[in-house]
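Visitor: Quick mapping for you: the protein sequence lines, in order, are chains A and B. Each residue of the first sequence is one higher than the one before, counting from 1 in this note's numbering. Each residue of the second sequence is one higher than the one before, counting from 1 in this note's numbering.
If you're looking for bench data, these hints aren't it; they were derived computationally from the structure. All values reported here derive from a predicted model rather than from experimental measurement. Hints may be right or wrong, so weigh each one.
Short derived list, chain A residues pointing at chain B, Cβ under 8 angstroms [unchecked claim]:
1) 41
2) 78
3) 96
4) 292
Stretch-level coverage of chain A by chain B, calculated; a stretch enters the list once three of its residues show a Cβ under 8 angstroms from a Cβ in chain B [as the list claims (entries may be wrong)]:
5) 104 to 118
6) 175 to 181
Some chain B residues judged to face chain A by a derived CB distance under 10 angstroms, without partners named [stated by the list, open to error]:
7) 25
8) 70
9) 96
10) 118
11) 120
Glycine is no exception: its CB is placed at the ideal position from the N, C-alpha and C atoms.
There are 2 protein chains.
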Amino acid sequence: MTVVALSGGVGGAKLALGLSRVLPEGELLVVCNTGDDFEHLGLCISPDIDTVMYTLAGVANPELGWGRADETWSFMETLGAIGGETWFRLGDRDLAVHVERTRRLRGGMTLSAITADLCARLSIAARVLPMSDDPVRTRVRTDQGWIDFQEYFVRRRCEPVVHELAFHGASTARAQPDFMAALRDPDTKAVVICPSNPFISIEPILAIPGVRTALADCSAPVIAVSPIIGGRAIKGPTAKMMAELGMTPSAGGVARRYDALIDGYVCDFADMDQVAGVSAKVTLAQTLMSTLADREALARVVLSAARMLRR
Amino acid sequence: MTVVALSGGVGGAKLALGLSRVLPEGELLVVCNTGDDFEHLGLCISPDIDTVMYTLAGVANPELGWGRADETWSFMETLGAIGGETWFRLGDRDLAVHVERTRRLRGGMTLSAITADLCARLSIAARVLPMSDDPVRTRVRTDQGWIDFQEYFVRRRCEPVVHELAFHGASTARAQPDFMAALRDPDTKAVVICPSNPFISIEPILAIPGVRTALADCSAPVIAVSPIIGGRAIKGPTAKMMAELGMTPSAGGVARRYDALIDGYVCDFADMDQVAGVSAKVTLAQTLMSTLADREALARVVLSAARMLRR
């Protein structure tokens, strides 16, 4: 009885944590976007996998929204002093994961196997998978041409106007087999699209051959949770990006973007007026997840909406 | 008017610091052993260069004798928690140098150029050179067969009995050109073999084609400083290794090992009786360098001995 959650970073990780706490142990499978992955300072960095892992392990940095709690910054401070690149901040503890992952990847281990082992070391009960073991790299077309995702997202702080997104490698990437198996499994009880940015966190997953078809064919209901509350994204450039791409930055806009892919849609009470024409079954809820209780409550709402759709 | 100092790690770095403080700025060229270099956790690590750099920059860790002062250990602690290898301890600040060096080496920069830039960033006035930009790797034949140097030195704490040393890559390595140019330069006023382990710190340098000949042909006197005081090595396995290799672990034994290569030999008052038959001109001094004043004093003794030999 698996619940499959598709997730990007922070917002997705919060709901994944809620789901992991309200579901029986072993029933949650979190599939992470790896379009944000990149090589930096010679290290292989998987920001969304790490945010999900750290959040599920209870070691995420509560102030920053990324990286680890009880972090120190000696590496970054010294790197700056010797002329290294410091625009992408890597904490000393966080760095251990990047160095170890890079070492194992270069030794031929898959990202899936590495992630599974790291999760075991961090005592995470949920299964966390990359969307694929093949590299997929999100690129962004801006006024200044195509740039790499982290260049856009971190270095330029999402300031450039976005015209188009591309997921390099996606068309030849193989979806993670356990992810695909879960979508085909008649015992899977729900697929949850977490409240992540549709364009940069969810659509890279959907861009992998077979994923859209498998979601359409999946016997379990597919339920998305809106990352927009009252016309605004809680974190990140979702609303700005929607406007730049010519869409209405609203909860309804996100639902229309997912369109026939989703059976159910959970959005905030504040957005009741925005989802009138949405074809998926809408559930209104409090979607802002400030506390752990909020995360668990929203997870329960999503699972209950799924239960209704299964009947 | 250059002074060329050949150095390994701790002991050599102490004398190099003394020399850098008593010589006019720009007159010291420190040539570091790179036989200790190795790849670990996917990073290119140059222990002797780093010890020399950190010592000259005044940022060396005074308690450990390696690594940096004001160090933090979050990386190592976390690496251990996720199952990484922790036998070679890398501090968070130290790590910045390894990550940045590795990135630049993989980008095609030479170790010499990287070292020069790091020294500039660390405001080091002396020039610090690797003995070669080509990789040389010291290996140790023990009772359990051949093992890599750091495996012997750090992981097994010099416990295995040493039968033989080999410097892989040395026979095809090219000596650093500025090092060779300094040996040929008639203005060079002294070559100092620092109080480092002859077998694992100095002989890798001597194993590079052309170095022994250039030292023999050098117009400046070559003066070695004994790493043995009163029959004991201050740090490291010099005495133990000498005994295992069938030599007398004494200041005289080291001088005989260098033999015709050296014109002068500086050893401790305590070893006066050990150097009776040594062919190089012997200068007795206090060679234990506990304080900064000791380092400067020994540097002055060495330079004065060189001056005497030049006449």
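Visitor: Hints first: check each against the structure and report whether it holds.
Guide: Quick rundown of the hints versus the structure:
1. 41: It holds, given that the least Cβ distance between residue 41/A and chain B is near 5 angstroms, below 8 angstroms.
2. 78: Nearest chain B Cβ about 4 angstroms off; hint holds.
3. 96: Check passed: Cβ of residue 96/A comes within 4 angstroms of chain B, closer than 8 angstroms.
4. 292: Check failed: Cβ of residue 292/A comes no nearer than 23 angstroms to chain B, outside 8 angstroms.
5. 104 to 118: Since 3 is at least three, the answer is holds.
6. 175 to 181: violated (count 0)
7. 25: Since chain A brings no Cβ nearer than about 21 angstroms to residue 25/B, farther than 10 angstroms, the hint is violated.
8. 70: 8 angstroms, holds
9. 96: For residue 96/B, the interface hint holds, since the closest Cβ of chain A sits about 4 angstroms away, which is under 10 angstroms.
10. 118: 6 angstroms, holds
11. 120: 9 angstroms, holds
Violated hints for the displayed structure, listed by number in ascending order: 4, 6, 7.
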